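J.: One letter stands for each residue in the lines below.
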Amino acid sequence: MWDRNQIAARAAKELQDGTYVNLGIGIPTLVANYIPPGVHVTLQSENGMLGMGPFPLEGEEDPDLINAGKQTITELPQTAYFDSATSFAMIRGGKIAMAILGAMEVSEDGDLANWMIPGKLVKGMGGAMDLVAGVGRVVVVMDHTSKHGESKVLKACTLPLTGKRVVSRIITNLGVLDVVPGGLRIVELADGVTEAELRTATEATIAS
Amino acid sequence: MTKVFPSAAAALDGQVKDGMLIAAGGFGLCGIPELLIAALRDSGVKGLVVASNNAGVDGFGLGQLLETRQVKKMISSYVGENAEFMRQYLSGELELEFNPQGTLAERMRAGGAGIPGFYTRTGVGTVIAEGKEHHDFDGQTYILERGIVADLAIVKAWKADPSGNLVFRKTARNFNVPAATCGKVCVAEVEEIVPLGSLDPDTIHLPGIYVHRIVQGPHEKRIEQRTVRKKESV
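Residue numbers (the working numbering), protein chains in the order written: chain F, 1 to 208; chain Z, 1 to 234.
If we strip away everything but chain F, and leave its shape as in the complex, we get:
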């Protein structure tokens, strides 16, 4: 089974050299720590930045320089800043090759739910709905099951959707699955996980 960092490291293998990529909040943010050597990607931050650098050294934090998770960050030699309308114009306009996002639930059709639990948790979709509508490829990273052991990889999402038929690949603590016609296809098993275990933890249809 993979931990959060191993999920992020596996997701980092999805990054294509020379592309512009948006990383969501949570596990997706960790992906930046595992970009493979020789792969150069430019990270977009939806609040108005291309070329996101690492966290600042202590004492060098700048209140005018944050990422989408409101964390202090730094700039790089290729950095460019712009306003929010321009930021989402490039997202909606298909200029970003890939987004790696977290999920509360994902379905076998590639539906994604990651923005609210009615009556309980009302945070908002932020830029997630725009990203899944406009980005070339959406990869989701998540825990395969809830704390109570219930599958979060479902035939149909129960929570309000972020987007319909938008996810291409799902990377969880148990392995990697692709959304294909007729269901999900197992691409890879996490270390020490059997195919039977993955199937048991998955409510969605596994297309063989």
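Hints were generated in silico from the structure; no laboratory data involved.
Heads up, some of the hints might be wrong.
[To be verified] Pairs of lysine-lysine, DSSO-like flavour, derived with a Cα cap of 27 Å:
(1) F:LYS123 with Z:LYS132
(2) Z:LYS132 with Z:LYS72
(3) F:LYS120 with F:LYS13
(4) F:LYS120 with Z:LYS72
(5) Z:LYS159 with Z:LYS170
(6) Z:LYS73 with F:LYS120
(7) F:LYS123 with Z:LYS170
(8) F:LYS95 with Z:LYS170
(9) Z:LYS73 with F:LYS123
(10) F:LYS123 with Z:LYS72
(11) F:LYS123 with Z:LYS221
(12) F:LYS123 with Z:LYS46
(13) Z:LYS17 with Z:LYS72
(14) Z:LYS17 with Z:LYS73
(15) Z:LYS221 with Z:LYS3
(16) F:LYS164 with F:LYS123
(17) F:LYS164 with F:LYS120
(18) Z:LYS132 with F:LYS164
(19) Z:LYS17 with Z:LYS3
(20) Z:LYS231 with Z:LYS221
(21) F:LYS95 with F:LYS155
(22) Z:LYS132 with Z:LYS3
All values derive from a computational prediction rather than experimental measurement.
Please build the complex by placing chain Z on the supplied structure of chain F, with the hints as guidance.
T.: Chain Z alone, transformed into the frame defined by chain F:
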């Protein structure tokens, strides 16, 4: 006629009415018009509808206007950092219209550009699309979203010249540009008002035509999530 005002309260004088629609710049606490928000609180204005990506945090930014119950409705994309917001919303005291972040930014941009509506793929197949006109273009389904024209825009910039030309700094630009353009009146607070001629005309982010009143800081510029890495030992 000067655009430069001596205080945030003076800059808002005569521009504030109960029930008005305000567009506010900022992302999280980055680039928020903190002086104008405080002046709105002190003005006692009520029943505000505020279009802003976030609602500040408890006790700072727009969170202050929530505590005093001066806000009737928020139009936002993300409110996860504000416990008082969540409490008022879940108890039905505060109305909330969730907009996807890019849709909110484009609604402001469009409103300021004289475009009453636009089609977007964002939100198709979700609750956001419910009740909105759907239209197919080239085999893709889009929904119609409306431009926003606000009674008042409040924004924060880094520098201004007395003609209202604005320059922003790093990611503090964010919603300030689209929010400023969609206001019938825009009041900008800045860290420094510099003499005419000292801003390079090629590097102005927002031309002064959009900015009606200016007031100078000081600003607290609070950091929401201070995140650092350790200096590696040499």
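J.: Can the restraint linking LYS132 of chain Z and LYS72 of chain Z be considered satisfied, given a maximum Cα separation of 27 Å?
T.: The given pair, whose Cα atoms are some 23 Å apart, holds under the 27 Å limit.
J.: Going straight from one Cα to the other, do LYS221 of chain Z and LYS3 of chain Z come out at no more than 27 Å?
T.: holds (24 Å)
J.: Take the C-alpha atoms of LYS120 of chain F and LYS72 of chain Z, compute the straight-line distance between them, and say whether it is at most 27 Å.
T.: holds (21 Å)
J.: For a C-alpha distance cap of 27 Å, please report whether LYS123 of chain F and LYS46 of chain Z respect it.
T.: The given pair, whose Cα atoms are some 25 Å apart, holds under the 27 Å limit.
J.: Quick one, are LYS164 of chain F and LYS120 of chain F close enough, alpha carbons at most 27 Å?
T.: holds (23 Å)
J.: Are LYS95 of chain F and LYS155 of chain F close enough, with their CA atoms no more than 27 Å apart?
T.: violated (31 Å)
J.: For a C-alpha distance cap of 27 Å, please report whether LYS120 of chain F and LYS13 of chain F respect it.
T.: violated (35 Å)
J.: Tell me if the straight-line CA distance from LYS132 of chain Z to LYS3 of chain Z falls inside 27 Å.
T.: violated (40 Å)
J.: Given the hint that LYS73 of chain Z pairs with LYS123 of chain F, does the C-alpha gap stay at or below 27 Å?
T.: holds (16 Å)
J.: Hinted pair, alpha-carbon criterion (27 Å max): LYS123 of chain F, LYS132 of chain Z. Please report holds or violated.
T.: Judged against 27 Å, a Cα distance of about 23 Å means the pair holds.
J.: Take a quick look at whether LYS123 of chain F and LYS221 of chain Z sit within 27 Å of each other, Cα to Cα.
T.: holds (23 Å)
J.: For the pair supplied as a hint, LYS231 of chain Z and LYS221 of chain Z, confirm whether the alpha-carbon distance does not exceed 27 Å.
T.: With a Cα-Cα distance of about 25 Å, the restraint between LYS231 of chain Z and LYS221 of chain Z holds, given a limit of 27 Å.
Of the numbered hints listed earlier, those contradicted by the structure are 3, 21, 22.
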